[in-house]
Amino acid sequence: MAVKSVSLDRGYWVFLLPGAVALLLVIIIPFLINVGISFTAWNGITEPTWIGLDNYQKAAHDKTFWMSFQNNLYIIVAMTIIPTIIGLFLAAFLYDFVANKIGNRVASVFRAGYYLPQILPVAIAGVVWRWILQPRWGVLNWLLDQVGMEPRNWLGDADIAIYSVMGIMVWFQIGYPLVIFMAALQRVDPELYEAASVDGANWLEKFIHITIHQIRPEIFVVVLMTLIHSLKIFAQIFVLTRGGPGRATIVPSYFAYQNFFEKANVGYGATIATIMTVIIILLTVLFINVQSRQELREAA
Amino acid sequence: MNASLVLERFNKSLALLLLTALLIVMLFPFAIVTINAFKTPAEYASNGPLSLPGGLYTDGLRDFWDRVDFTNKLINSTVISVSVAVAGIGLSLLNAFALGIGRVRGRVWFLIFFLMANTLPQEALAYPLYYFAKSLGLYNTRLSVIIVFSVIQSAFGTYLLTSVFSTFPREILEAARIDGCNKVQLLLRIVTPISRPTLSVLFVFFFIWTWNEFFLPMILLVSTSNQTVPLAIAVLQGQHNMDATTSSASALLGILPCVVFFLLFQRTLTKGITAGSVK
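Residue numbers (our numbering), protein chains in the order written: chain A, 1 to 300; chain B, 1 to 279.
Simulated from the structure, these hints should not be mistaken for laboratory data. If you're wondering where the values come from, they're calculated on a predicted model, not measured in any experiment. Treat the hints with care, since some could be wrong.
No more than 30 Å apart at the CA atoms, straight line, and that leaves these computed lysine-lysine pairs for BS3-like [as the list claims (entries may be wrong)]:
no., chain 1, residue 1, chain 2, residue 2
1, A, K58, A, K232
2, A, K206, B, K134
3, B, K12, A, K232
4, A, K63, A, K232
5, A, K101, B, K134
6, A, K58, A, K263
7, B, K134, A, K263
8, A, K232, A, K263
Some chain A residues judged to face chain B by a derived CB distance under 7 Å, without partners named [claimed, not checked]:
no., residue
9, A99
10, P121
11, L224
Not close to chain A: a few residues of chain B, all C-beta gaps over 10 Å, as computed [as the list claims (entries may be wrong)]:
no., residue
12, N95
13, S135
14, S250
Positions of the beta carbon are idealized from the N, C-alpha and C atoms, including for glycine.
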């Protein structure tokens, strides 16, 4: 009996083989090769030549490279900061006021409606907005024209294109934090609010000291996940502006894509992709760290 | 009526008014695309985008459907997404069985490994995958996309399923062991049936995520006959100078499958979004 149970507890690693080999072939090895390519000059056809850190030095002095990361900060504002803040207020309002005083069903109808953009593939969301913002016959310019305001080339004007993209991303993104935060609020003890009311706390004080404090873990997850998503943004830019006009809306992933497939600068494309990866891995490590600390705290 | 009651009613109406205004803004793009997909180009030109269509004009939709061979795109997307969901779950199940039930040595490191793989940007895999696919003769085949995404999705699936399996009731495993169950039987007859609810959440997730993918499918699938729904619609936007109504018909065709999925899988999804985020 003892021998048998030992043999059953071993040998599980066999089950890990297919998945681990697949991961190695499709993700790990391609990733390492990409890092390798970043140290070469390569047009994708002839033999690559080793150039060491030249691509990284080139990136450090490349205005387009810096522009792409600067634009990414705008995207982070639109995908992480604004949706998280709006999501917090909206979730608290729907959960506290609407669900309690008007009805649970009304609150869930609003939640579902605000969430709807999230079900779209980002590429399709881009197609929809490109249609609305079309300069000649688009809806937005038509509306502006009706009220006597100046129509604009929302995606084609270098001064405003990035703000148009930001607006679209806020629209697309709000549903995600809202749904997560509303679920999180369900586990907040209502007695905390009652006790605070007895102590004479106003709405804002309760919001800051109880709501935000209690759902900190979810806020953290939302911020990190959306940060990672915004660093990966590609399809929206591809559909809406192709990084333009000029380089007004270029982002790192689109810049990498251009170097890979349009400019035949595979080495430089790989460099940009590697730098993106380093940033994302640092964020993920932070995520794992905080999450395991959180689990420890919950277990204690 | 006393004053505080009046105030409360006023607050309620004001709240509803503000929330409804925001709802209209959020739903406006869906509504505007839908009504204009059913208009004739002449109607659009004379009445503008906000008027309701005079009749159900479906030529724009049909035109676009035929032009891109939308049936073919739906088949491509379905074949790819279902295959990825099934293969991705298979891989995740095997991995999680070893890590969560078998608790193989070094499982924490394996888990970290899978989580990392899940967050890597696809840009950092794109060129080598493109190059491999070309040299293996898999370039421009649906199979290439199926293989790549089964593995990518399994990285998340492994992470989620392992955390579910690590709380799997040990008494059940013990009982099965005493009954003389071997590992394969344990996986197929005990663990898999009991974790069906989680597996169905994963199936829906993998299916929809794969359906929505853009970057790698665009790089791996070059000919239109192999492309997926979002890919075909998005790529066509740039190429043809389409008029307003055909354009909105194309957007509507991109939206519709997702709305259908949302209605079909709503409960699973809302459960999953919140479970997947914190667990």
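Taking the hints in turn, this is what the structure says about them:
1. A:K58 / A:K232: holds, 22 Å
2. A:K206 / B:K134: violated, 59 Å
3. B:K12 / A:K232: violated, 41 Å
4. A:K63 / A:K232: holds, 20 Å
5. A:K101 / B:K134: violated, 61 Å
6. A:K58 / A:K263: Answer holds: K58 of chain A to K263 of chain A is near 15 Å, not above 30 Å.
7. B:K134 / A:K263: holds, 19 Å
8. A:K232 / A:K263: holds, 20 Å
9. A99: Violated, about 11 Å.
10. P121: holds, 4 Å
11. L224: violated, 10 Å
12. N95: The assertion about N95 of chain B is violated, with a minimum of 4 Å to chain A.
13. S135: holds, 12 Å
14. S250: violated, 7 Å
Violated hints, listed in ascending order, are 2, 3, 5, 9, 11, 12 and 14; each of the other numbered hints is respected by the structure.
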